[in-house]
Every structure is written in structure tokens, then in C-alpha cells.
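Let the hints inform the model, and build the full structure from the sequences given.
These are the residues of each chain, in order.
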Amino acid sequence: NAGVTQTPKFQVLKTGQSMTLQCAQDMNHEYMSWYRQDPGMGLRLIHYSVGAGITDQGEVPNGYNVSRSTTEDFPLRLLSAAPSQTSVYFCASSYSIRFGVQETQYFGPGTRLLVL
Amino acid sequence: GQQLNQSPQSMFIQEGEDVSMNCTSSSIFNTWLWYKQDPGEGPVLLIALYKAGELTSNGRLTAQFGITRKDSFLNISASIPSDVGIYFCAGRPTHKLIFGTGTRLQVFP
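Listed in order, the protein sequences are those of chains A and B.
15 is the number of the first residue of the first sequence in our numbering; add one for each residue after it.
18 is the number of the first residue of the second sequence in our numbering; add one for each residue after it.
Each hint should be verified, as a subset may be incorrect.
Computed beta-carbon distance windows for the label pairs [unchecked claim]: (1) B:Gln-31 / A:Ala-66: 46 to 56 Å; (2) A:Val-64 / B:Ala-69: 23 to 33 Å; (3) B:Ile-97 / A:Ser-83: 39 to 49 Å; (4) B:Ser-43 / A:Asp-70: 20 to 30 Å.
Now the stretches of chain A that chain B is said to cover, found in silico as 3 or more residues with beta-carbon under 8 Å [to be verified]: (5) 49 to 61; (6) 121 to 130.
Not the full set, but computed from the structure, chain A residues with beta-carbon under 10 Å of chain B [as the list claims (entries may be wrong)]: (7) Val-18; (8) Gln-20; (9) Asp-70; (10) Gly-72; (11) Phe-104; (12) Cys-105; (13) Ala-106.
Hints were generated in silico from the structure; no laboratory data involved.
Just so you know, even glycine gets a beta-carbon here, dropped at the ideal spot from N, CA and C.
Below is the structure:
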């Protein structure tokens, strides 16, 4: 199993550009989520999905869109990039929403995004 | 959005020392989790707690779910250099995880 994979690893965008951060998992997990990590802020939930075709907003959803057409993939779209979206983005997946040891949430390696 | 208060923000300790960190919330949580993040990687789950008062160990790590369900503690005994990293607490009020701001741990030989 590859676990949770994210592409690209690094990305530089100009203000106003759009792009899609890819996330895929091969563990047949139902629950997937996107977080952003900023210095001193911990991880903040952007969007999440409890299954294919079902998505919902997290704490900081503005400026981002998601879709979940398959169990494996959960892409995050930046509609019009802004410098405030400079951050490290983590995708995560788990078997269930209990997040415990038996259903641990696995994180991808992250995408480092710089918006100029 | 809601975030958990985690303290201390950073710790600089000598190898062999014990470490304590804690996390508090204004809300009641059903689950408390502790993660460790190494540089350039995603967080990895260390310990999960499900009941108020629960005390759980994972090797040299011990975590407790506070009686009030609004706090949790993580202790690391006899620290070693590979304990270096950022430790995050996370709480689950519903089906979302809320993360603390992290404790950055440095261990000097």
C-alpha cells in the first residue's frame, strides 16, 4: 500500500491563479480531509468527506473547493490563489470518524504552497 | 475557528529528562488524541483516549483524558534525541478533529 499520497510536493503560484492539489489513498478509507498548517496555528480543517459524493466544510473553507467522486481521490481546488493561502496542506484519511488507534487517521506528506 | 490551547509552546530539555505538556478546551470532547510531527512530514498518531479519566501508555509516552473532558496531558519519560519534533493534541467534539497549536520539543544530548 502506498498510503496517502499528495501531489505536488511544492508549488509556487501567482495571485489569482487556480490549481488543484491532488490526494489519493489506497486503503479503502471512507473518511478523507484536508488541513492547512500555518506557523503557530496547528492544523486547521478546510474540508472533509465521509464518503464518495459527500463533502462538508471545516473551519476554514473559504477560497477552496473539494469533490469526492471516488473513494480513493479527494482533490482540493484553489479557485483564485491569494497570499493568505500560502501554507502547508495535508490530506488525511481514516477508516472511520472515530480517529482512534484502530481507525487511525493517516496523513500524507504535505504540499508546500507559496502564493506570490 | 475553535482551537485548543496547548502548552508549553516549546521545550528545550536534556536527554534523559521527563517532559510534560497539556491541552485545554472550552468545550467537552469525546476523544482526545496525541500526534507527533517530524520535520517535513505529516503527523503520526501516538495515543488515543476515549473515556474521561483514562490513562494510556505507549512505551515511554503516557497520556490522560481529563476528568472534566476539557483537557488532556502527555508525558514523555526519559527523553531521547529522536523525541525531537512537534507534538499536537487533537480533540473530537463531533466528527471533526480540532488540533492544538503544538509543542515543539528539542532534546539536547
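Okay, which hints does this one fail, numbers in order?
Checked against the structure, no hint fails, so every one of them is satisfied.
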